[in-house]
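**Q** Listed below, chain by chain, are the residues.
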Amino acid sequence: MKRREFLKFALSSLLLGGMSKSIFAKEPPVVSVTEGKDYAAITRNVIAALGGMQRFVKQGHVVVVKPNIGWDRRPEYAATTHPLVVRAIVEECIKAGAKKVKVFDNPCNDPRRTYVNSGILEALKGLRNVELKHTENERFKNTKMNGVFLKEWPLYDEALSADVFINVPVAKHHGLTRLTLGLKNIMGIMGGSRGYIHRSIDDALIDVNTVVKSHLVIIDATRILLDHGPQGGNLRDAKILNRVIASTDIVAADAYATTLFNLHPQDISTTVTAYKRGMGEINLNKIRIIKV
Amino acid sequence: MKITSARISQYLFLAVFFYLFINTEYRGKDEISFAINSFFRVDPLVVLSFILSKKTLIALLIPGILMLIFSIFLGRFFCGWICPLGTIIDLTTDKLKKSIPIKFLKTNLKYYLLFTLLFAALFNVNLVGILDPIAILIRALIFFLYPLFGYSIRVSWAGLYSIIGENRDYIGSLYSFLRDYILPFRETFYPLAFISFMLLIAILFLERYEKRNWCKNLCPLGALLGLLSRFSLFKRLPAKLCSDCKACKEICPTAFDEEILQTKDCILCMECTLKCKFNRVKFSLTGTGKNKKTKAPFLERRVFIGGLVSGFFVSRAFSFTSPSQYERLLRPPGVTDEKEFLKKCVRCGECIKVCLKSALYPAFFQTGLYGMFMPHMITRLGYCEYNCNLCGQVCPTGAIPNLPLEQKKKSIIGLAAVDKNHCLPYAKKINCIVCEEHCPIPEKAIKLESVVERDYRGKKIILKKPYVVEELCNGCGICEYMCPLEGKAAIEVFSKRKRDQALRS
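Chains as they are written, first to last, in the working numbering: chain A, 6 to 297; chain B, 4 to 508.
Because the hints were derived from the structure by calculation, they are not lab data.
What you are looking at is a predicted structure, and each value in this text was computed from that prediction instead of being measured.
Even glycine gets a Cβ: it sits at the ideal position worked out from N, Cα and C.
Hints should not be assumed to be uniformly reliable.
As the list claims (entries may be wrong) - Which chain B residues face chain A? A few, computed with CB under 7 Å, are given here:
1. Y164
2. L359
3. E388
4. N390
5. I436
6. V437
7. E439
8. K447
9. K450
10. E452
11. P487
Stated by the list, open to error - List of simulated lysine-lysine pairs, BS3-like, C-alpha gap at most 27 Å:
12. K63/A <-> K281/A
13. K63/A <-> K296/A
14. K105/A <-> K218/A
15. K104/A <-> K130/A
16. K156/A <-> K462/B
17. K100/A <-> K138/A
18. K5/B <-> K285/B
19. K244/A <-> K450/B
20. K467/B <-> K244/A
21. K432/B <-> K462/B
22. K412/B <-> K342/B
23. K156/A <-> K431/B
24. K104/A <-> K146/A
25. K130/A <-> K32/B
26. K467/B <-> K281/A
27. K412/B <-> K450/B
28. K138/A <-> K32/B
29. K412/B <-> K463/B
30. K244/A <-> K413/B
31. K432/B <-> K281/A
32. K463/B <-> K281/A
33. K467/B <-> K423/B
34. K491/B <-> K156/A
35. K218/A <-> K138/A
36. K244/A <-> K412/B
37. K101/B <-> K346/B
38. K156/A <-> K280/B
39. K101/B <-> K278/B
40. K467/B <-> K156/A
Based on the sequences and whatever the hints tell you, model everything.
**A** This is the structure in structure tokens:
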């Protein structure tokens, strides 16, 4: 009897387990893509295609929007997130009921210059409940990560405490990781001597992305940087695509954006590492792509 | 309470001084239209020494020439009406009890000082900035007081965070306002901070002995203006103490050491007109000839020749510098000729204040003793921001040329060199590329060579090894600044000066 019971149990659980997989199969991750010359409009549309900002931002939420403002370059050089994209996202957050939207980066160049030259300071001027902030040293909190490479690192408290974290990278070339997209954009919330993580950058980035999850990733591909990244400086290296990509799955978003460079998602080791560590989907045929 | 127009002018100029001082900083615009450099451009001492050392005149300094001419006609009004150091002396030490004057200072010391400086300038070593009153004041502010001020507020602000955490954001806008409009964006503590500050303190300390002690007995600018004022048409009447009153002896801060008014010391503060009980005192344009009796010390051959000899001596005595100090001597962008720089630099520290990434520091011994307070770049502590040319904009004498941005980007500060013994991909077979990533040159002056090698486990890896392209590198130093190695950087910027230029003849 005992054996039979055991077998019954084992069999049924096996069946159930197998069945649940097919019955409750996870929805494939969605990546929405828009194209157009009105950057504010395509940004709003790309969010709408995912169900609108109210899906992520609820009344009274504190939202962090993290664009790439890393370099002292004007928008047309494709080294920083386009100001109109940032503005549209911020406005959507406010419309969805956000109590406060904080926008910041921890730039490589002088922060004052990057905020001005990227056009983002000007674009966000006068918006209510929106703060474009300079990072302050005391706010980097030494955070236990127990990651694969990083055990501990100072991360920015406002990113850690935000209700919603929206990751807004610009798609561009990078000398080490080949491309820098959503997964790499997270470096902007890191303090300390960030150059250190270059020695094992893929795992380090995934470690940080594990601690601070991006609820929404919106990749600015209005213009992309093809070479001499991540800071460019040559208009020849910038290509205008007029596209914006959004997803809740950071790996899927990065994987799709990779194709804009005529590269395969598997070529980018950061994306591959993220996929292997279960952060999201890399296979384009397992991703539902909505073109608006 | 009645107040003289000189006082009002003093306060106005002090306000302008502080306004310009705070404005001499990146505040969101690529151009700084008004900077504290204006004070140097009207400073006759700076202008004169520039002319002597460069043997030419530049348009920037024409206001100083005008001031020189005005001073000939009007006397030392600069000291009593404009000079911010004088105003600060008046404000801070007004109540200080005076003991007896120091005898030693009552000699021709200030003329020796003045002539030594001027003759040294003539011999191509412009040291005027070390003792120029405005430079002394500005250096004390830039190198010490202003960073200290910024630091105290920043530390309190940071401390507030540790107490109330994110609630601090409720007054965040107040702090942002301070940071954006008043404070230095980041406070840097400088070498020579103590000396710079002590020079100012010493000047204030001298007030214990006598009113306006520095102005009257030491200040080379004051001495120069005093000499010029001999020809002044603008005279005080009566020219000596009235026998029935003599109150002026107490009232006057500078000019009544003797019975007769010393025109060369009168700073036209007008206190005597205000305080005269009998309404006797007048200042009027009376033409020449009233008080010829004061003998002009610069006509004393002793002082003139003494200044000449010591000026020559000073200009040569400290000229030794070891060549190794030149290897890493990096000057601000656009400065190509070390000797030219020595002729023009006022050592005011404005470029250092304005430097966006705190790359510039005042030198102490690096270029010999007479390079003191002159700016040099320490590229491990900061770097030259590619899109910034503020140092050239604020330099009062054009010692750092005000280059258009595109030209500044191409001007050579130095040359980066990779140290393969330390650099990660070379020395440890670990990829890094931080220097390449930060190199601001669009074509990248640091390039990467991808090499397939085996790491210590025998696993194949692609190493990206950086190398520097000399034709493209401008020596901005961001690579050295950003190099993630602890301690010594694996890429360093070296001076590109030609050998013969480094060694003084």
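**Q** Take the hints in turn and mark each one as holding or not.
**A** Taking the hints in turn, this is what the structure says about them:
no. : hint              : result
1   : Y164              : holds (5 Å)
2   : L359              : holds (5 Å)
3   : E388              : holds (5 Å)
4   : N390              : holds (5 Å)
5   : I436              : holds (5 Å)
6   : V437              : holds (4 Å)
7   : E439              : holds (5 Å)
8   : K447              : holds (6 Å)
9   : K450              : violated (9 Å)
10  : E452              : violated (12 Å)
11  : P487              : holds (3 Å)
12  : K63/A <-> K281/A  : violated (32 Å)
13  : K63/A <-> K296/A  : holds (26 Å)
14  : K105/A <-> K218/A : holds (19 Å)
15  : K104/A <-> K130/A : holds (17 Å)
16  : K156/A <-> K462/B : holds (25 Å)
17  : K100/A <-> K138/A : holds (21 Å)
18  : K5/B <-> K285/B   : holds (17 Å)
19  : K244/A <-> K450/B : holds (22 Å)
20  : K467/B <-> K244/A : holds (26 Å)
21  : K432/B <-> K462/B : holds (11 Å)
22  : K412/B <-> K342/B : holds (23 Å)
23  : K156/A <-> K431/B : holds (22 Å)
24  : K104/A <-> K146/A : holds (23 Å)
25  : K130/A <-> K32/B  : holds (16 Å)
26  : K467/B <-> K281/A : holds (25 Å)
27  : K412/B <-> K450/B : holds (18 Å)
28  : K138/A <-> K32/B  : holds (18 Å)
29  : K412/B <-> K463/B : violated (40 Å)
30  : K244/A <-> K413/B : holds (26 Å)
31  : K432/B <-> K281/A : holds (25 Å)
32  : K463/B <-> K281/A : holds (21 Å)
33  : K467/B <-> K423/B : holds (13 Å)
34  : K491/B <-> K156/A : holds (25 Å)
35  : K218/A <-> K138/A : holds (21 Å)
36  : K244/A <-> K412/B : holds (24 Å)
37  : K101/B <-> K346/B : violated (39 Å)
38  : K156/A <-> K280/B : violated (81 Å)
39  : K101/B <-> K278/B : holds (20 Å)
40  : K467/B <-> K156/A : holds (26 Å)
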